[in-house]
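Going left to right, the sequence shown walks through residues 1 to 242 as my numbering numbers them.
These are computed hints drawn from the structure, not numbers from a lab.
The reader is advised that the hints may include incorrect statements.
[To be verified] Each pair of labels, with its calculated beta carbon distance range:
hint : residue 1 : residue 2 : range
1    : S53       : E220      : 34 to 42 Å
2    : G168      : P69       : 20 to 28 Å
3    : R219      : E126      : 21 to 29 Å
4    : P141      : V208      : 32 to 40 Å
5    : P69       : L182      : 24 to 32 Å
6    : H180      : D139      : 12 to 20 Å
7    : T59       : V237      : 21 to 29 Å
8    : Q232      : S122      : 34 to 42 Å
9    : P69       : G205      : 45 to 53 Å
10   : E126      : I60       : 52 to 60 Å
11   : D139      : E36       : 38 to 46 Å
12   : S190      : D35       : 53 to 61 Å
Glycine included, each C-beta is placed from N, C-alpha and C at the ideal position.
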Amino acid sequence: MSTSLHHRAIEHLGARIVAGELPAGHVMLAEHLEDELKVSRSVVREAVRVLQSLGLVETIKRVGIRVLPASRWNPFDPLVIRWRLAGEGRGAQLRSLAELRTAVEPVAAELAAGNAPDELRSQLVEISHAMREAGVAGDVPRFLELDIQFHSLLLTGSGNEMFANMVGQVAETLTGRTVHGLMPDHPRASALQWHVDVAEAIAAGDGVAAREASNKIMRETIADMEPSWKDQPRVFVPVQSR
Numbered sequence: 001m002s003t004s005l006h007h008r009a010i011e012h013l014g015a016r017i018v019a020g021e022l023p024a025g026h027v028m029l030a031e032h033l034e035d036e037l038k039v040s041r042s043v044v045r046e047a048v049r050v051l052q053s054l055g056l057v058e059t060i061k062r063v064g065i066r067v068l069p070a071s072r073w074n075p076f077d078p079l080v081i082r083w084r085l086a087g088e089g090r091g092a093q094l095r096s097l098a099e100l101r102t103a104v105e106p107v108a109a110e111l112a113a114g115n116a117p118d119e120l121r122s123q124l125v126e127i128s129h130a131m132r133e134a135g136v137a138g139d140v141p142r143f144l145e146l147d148i149q150f151h152s153l154l155l156t157g158s159g160n161e162m163f164a165n166m167v168g169q170v171a172e173t174l175t176g177r178t179v180h181g182l183m184p185d186h187p188r189a190s191a192l193q194w195h196v197d198v199a200e201a202i203a204a205g206d207g208v209a210a211r212e213a214s215n216k217i218m219r220e221t222i223a224d225m226e227p228s229w230k231d232q233p234r235v236f237v238p239v240q241s242r
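Using the sequences and the hints given, assemble the complete structure.
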């Protein structure tokens, strides 16, 4: 199976579903998708399998492939996040991610100060200073690369495997903000310094200072992005009865 054809089918269908072009309840037939995408049945089958794992569709015998409502999607999957950031619901997605990060990253920073291996502490300090240099220079691609590394190390350094599994979501958030022009070419000096403060507090084993500096980063992030989600509706997921 061609990997490129497989990815193209997933991207084509997933992006259309998340954008609302294929609304909840819409039914697709595998043979129609073969003709539309100009791919084999095996490619369609594998693409649908992936979309099922994301909660975007379900297959119903003798009916077809039915699109599911947003409340059934996996909001933590990086693909779903990327598609949402590319659509009209970008603001709402950014809000959800920013609120999640605000709840998690300061705690992860505090845990990293107590648990991170020495090598990781040194890496964080080195990256934070490199981030400041890239930010001052306006080197956006380099800054994005370092920003993703910094926050990934922060989450994994906590020693909490559930926090560590948020690395993909954070990477998509930072990438999406950059791609869609929501990150300044020259980040504020205060934000650059707070990243250094987080890293140095973790290196020194000062959990309180690490948490406080991380909180400052997230508060400023929310303040900067808040206009993008003004008047965007929230998603209230129904509680499933057991």
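Enumerate the violated hints, using their earlier numbering and listing them in ascending order. none
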